[in-house]
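K.L.:
Sequence:
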Amino acid sequence: MRNDTSDNIGMKFLLVEDDLDIAENIVDFLEGKGCSMDYAASGELALELLRDNIYDAVILDINLQTISGFEVCSRIRKNLRLKIPVIMLTARVMLGDKISGFECGADDYLTKPFDLEELLIRLKALSRRYRQCVANVFRVADLSLDPEKGIVERAGDRIVLPFVCFRILLRLMEKYPGPVSKEELEYDIWKDQPPMSNSLKSHFYTLRQLVDRPYEKQLLHSVRGRGYKIDDSDTDIDLGADI
Numbered sequence: 000m001r002n003d004t005s006d007n008i009g010m011k012f013l014l015v016e017d018d019l020d021i022a023e024n025i026v027d028f029l030e031g032k033g034c035s036m037d038y039a040a041s042g043e044l045a046l047e048l049l050r051d052n053i054y055d056a057v058i059l060d061i062n063l064q065t066i067s068g069f070e071v072c073s074r075i076r077k078n079l080r081l082k083i084p085v086i087m088l089t090a091r092v093m094l095g096d097k098i099s100g101f102e103c104g105a106d107d108y109l110t111k112p113f114d115l116e117e118l119l120i121r122l123k124a125l126s127r128r129y130r131q132c133v134a135n136v137f138r139v140a141d142l143s144l145d146p147e148k149g150i151v152e153r154a155g156d157r158i159v160l161p162f163v164c165f166r167i168l169l170r171l172m173e174k175y176p177g178p179v180s181k182e183e184l185e186y187d188i189w190k191d192q193p194p195m196s197n198s199l200k201s202h203f204y205t206l207r208q209l210v211d212r213p214y215e216k217q218l219l220h221s222v223r224g225r226g227y228k229i230d231d232s233d234t235d236i237d238l239g240a241d242i
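Note that numbering that gives the first Met the number 0 has the sequence shown beginning at 0, numbered continuously upward.
If you are wondering where the hints come from, they were derived from the structure by calculation, not from laboratory data.
Where a beta carbon is used, it is the ideal one built from N, C-alpha and C, also for glycine.
Just to be clear, a hint being listed does not mean it is correct.
To be verified - With a Cα cut of at most 30 Å, we get these calculated DSS-like pairs of lysine-lysine:
1) Lys228 <-> Lys11
2) Lys148 <-> Lys123
3) Lys181 <-> Lys228
4) Lys97 <-> Lys123
5) Lys200 <-> Lys190
6) Lys97 <-> Lys111
7) Lys190 <-> Lys82
8) Lys200 <-> Lys111
9) Lys228 <-> Lys200
10) Lys216 <-> Lys148
11) Lys82 <-> Lys97
12) Lys200 <-> Lys181
13) Lys190 <-> Lys77
14) Lys11 <-> Lys148
15) Lys148 <-> Lys111
To be verified - Have a look at the derived ranges for each label pair, beta carbon to beta carbon:
16) Asp231 <-> Glu183: 28 to 34 Å
17) Met195 <-> Leu115: 24 to 30 Å
18) Ala90 <-> Asp141: 41 to 47 Å
19) Glu116 <-> Arg212: 50 to 56 Å
Turn these sequences into a full structure, and let the hints steer you where they fit.
P.N.:
Set out below in structure tokens:
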């Protein structure tokens with residue numbers, strides 16, 4: 000079989016598995032195929048990683064120690080509101096368990112033991128469909144952004160953004176609901192030559208004036224010690240004017 004890893008470079012997966020031996024086998028195999036991997040031994044850590052990172056898919060074991068894979072998947076959908084593909088792994092073979100997995104938001108199901116090549120094939124198929132789905136238009140509340148057409152709209156109104164503001168908004172919507180650090184935004188816009196002044200803060204202010212100020216609900220926030228984010232919830236956010 001041809002060992003071509005070029006198609007997998009740039010793909011990043013989160014593995015949630017509390018059996019260290021199984022986790023090592025999966026991580027070693029997928030990294031050997033050119034994928035990037037993050038690993039969580041608990042559902043709590045997995046949810047933290049999902050808040051702060053972007054993944055192409057989640058590989059989620061059902062039989063976790065504290066909160067089950069069913070509950071983790073449910074929180075991914077309901078609390079984090081992520082549409083990321085989730086493949087569930089389990090030793091359970093009962094139809095009822097599979098139904099429970101799909102009902103809580105899983106996209107696919109693999110019963111242990113499974114072939115690692117099959118896992119990769121399923122991950123690539125799900126990730127491809129997910130990217131095709133989300134690449135068209137990003138939406139948060141009444142705000143939408145079409146990266147291909149360069150169109151931003153809120154509540155049906157077309158908003159024309161300067162280039163840097165558009166790049167900031169695109170990155171925030173890609174990382175929603177997680178925050179994006181100041182350093183990450185600066186690198187995304189200016190690469191290795193960020194401006195000497197606090198230009199990002201100025202551009203973010205301009206973005207707020209165009210996207211938030213004319214509307215009742217504020218979506219764009221600076222978060223103390225973490226960076227910037229889009230948030231459409233009604234919870235209080237620890238804002239920081241020093242970012």
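K.L.:
State for each hint whether it applies.
P.N.:
Tested hints:
Distance restraint check for Lys228 and Lys11: the Cα-Cα separation of roughly 21 Å lies within the 30 Å cut-off, and the hinted pair is therefore satisfied. Of the supplied pair hints, the one linking Lys148 and Lys123 holds, its CA atoms being roughly 26 Å apart against a limit of 30 Å. This hinted pair checks out: Lys181 and Lys228 have alpha carbons roughly 11 Å apart, not beyond 30 Å. Restraint check: the Cα-Cα separation between Lys97 and Lys123 comes to about 21 Å, which is no more than 30 Å; the hinted pair holds.
At most 30 Å may separate the alpha-carbon atoms for a hinted pair to count; Lys200 and Lys190 meet this at roughly 17 Å. For the given pair, Lys97 sits about 13 Å from Lys111 by alpha-carbon distance, which is consistent with the 30 Å threshold. A threshold of 30 Å between alpha carbons decides the hint, and for Lys190 with Lys82 the separation of about 29 Å falls inside it, so the pair holds. For the proposed pair Lys200 and Lys111, the alpha carbon gap of about 50 Å is over 30 Å, so the pair is violated.
Taking the CA atoms of Lys228 and Lys200, the gap is near 13 Å; set against the 30 Å cutoff, the hint holds. Restraint check for Lys216 and Lys148: satisfied, since their Cα atoms lie roughly 25 Å apart, inside the 30 Å limit. Annotation: proposed proximity of Lys82 to Lys97 holds, straight-line Cα distance about 19 Å (limit 30 Å). A C-alpha spacing of about 9 Å is found between Lys200 and Lys181, which places the hinted pair at or below 30 Å, so the restraint holds.
The suggested pairing of Lys190 with Lys77 is violated, with an alpha-carbon distance near 35 Å, which exceeds 30 Å. A hinted pair counts as satisfied when its Cα atoms are at most 30 Å apart, and Lys11 with Lys148 qualifies at roughly 26 Å. Proposed proximity of Lys148 and Lys111 is contradicted: the alpha carbons are some 44 Å apart, above 30 Å. Against the hinted window of 28 to 34 Å, the Cβ-Cβ separation of Asp231 and Glu183 comes to about 21 Å, which falls outside the hint.
With their beta carbons about 49 Å apart, Met195 and Leu115 fall outside the hinted range of 24 to 30 Å. For the hinted restraint 41 to 47 Å between Ala90 and Asp141, the CB-CB distance of approximately 44 Å keeps it satisfied. With their beta carbons about 52 Å apart, Glu116 and Arg212 fall inside the hinted range of 50 to 56 Å.
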